[in-house]
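In terms of our numbering, the sequence shown opens at residue 2 and continues consecutively.
It should be emphasised that the hints constitute simulated quantities derived from the structure, not laboratory data. Incorrect hints may appear among the rest.
30 Å max Cα-Cα, derived DSBU-like pairs, lysine-lysine [stated by the list, open to error]: (1) K53 x K37; (2) K44 x K67; (3) K12 x K22; (4) K43 x K67; (5) K67 x K83; (6) K37 x K27; (7) K27 x K44; (8) K53 x K67; (9) K27 x K43; (10) K25 x K12.
DEER-style ranges, computed between Cβ atoms [as the list claims (entries may be wrong)]: (11) K37 x N70: 26 to 36 Å; (12) I42 x M2: 26 to 36 Å; (13) E11 x R38: 50 to 60 Å.
Just so you know, these numbers come straight off a predicted model, no measurement behind them. Note that the Cβ used here is the ideal one computed from N, Cα and C, for glycine as well.
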Amino acid sequence: MSAEQWEHWEKLANSRTIENKELKGKLAYCDNLSRKRLEQIKKLSRDNDALKLSLMFLEDQLLDAKNNNMSTNAENALLKQKLKGKGEH
Numbered sequence: 002m003s004a005e006q007w008e009h010w011e012k013l014a015n016s017r018t019i020e021n022k023e024l025k026g027k028l029a030y031c032d033n034l035s036r037k038r039l040e041q042i043k044k045l046s047r048d049n050d051a052l053k054l055s056l057m058f059l060e061d062q063l064l065d066a067k068n069n070n071m072s073t074n075a076e077n078a079l080l081k082q083k084l085k086g087k088g089e090h
C-alpha cells in the first residue's frame, strides 16, 4: 500500500472514529433524556394514583355528608309534624 493510500485510509479511520464518538455522545444524551422522561412519567403516575385516592376519599366524604343531610332532613320533617300536631291542640 502506498503512502498516499495509507494516509487516505488513516484519515478515513480518524473521521469515522470522530463520527462514532459524536454518535456515542448523542446516544448518551438521548439515553439520559429518556431516563429523565421515564422518571417524570413514573412521578406523574404516582401523583395520579395519589389524586385518585384523594378523589375516592372525597367522594366517600360527600356521600356521608349527603346521607347525614338526608337523615337531618327526615328528622326535621318529623319535628315539624310534631310541632304542627302540638299547635293544633
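Hint by hint, work out which the structure violates, then give me just those numbers in ascending order. 2, 4, 11, 12, 13
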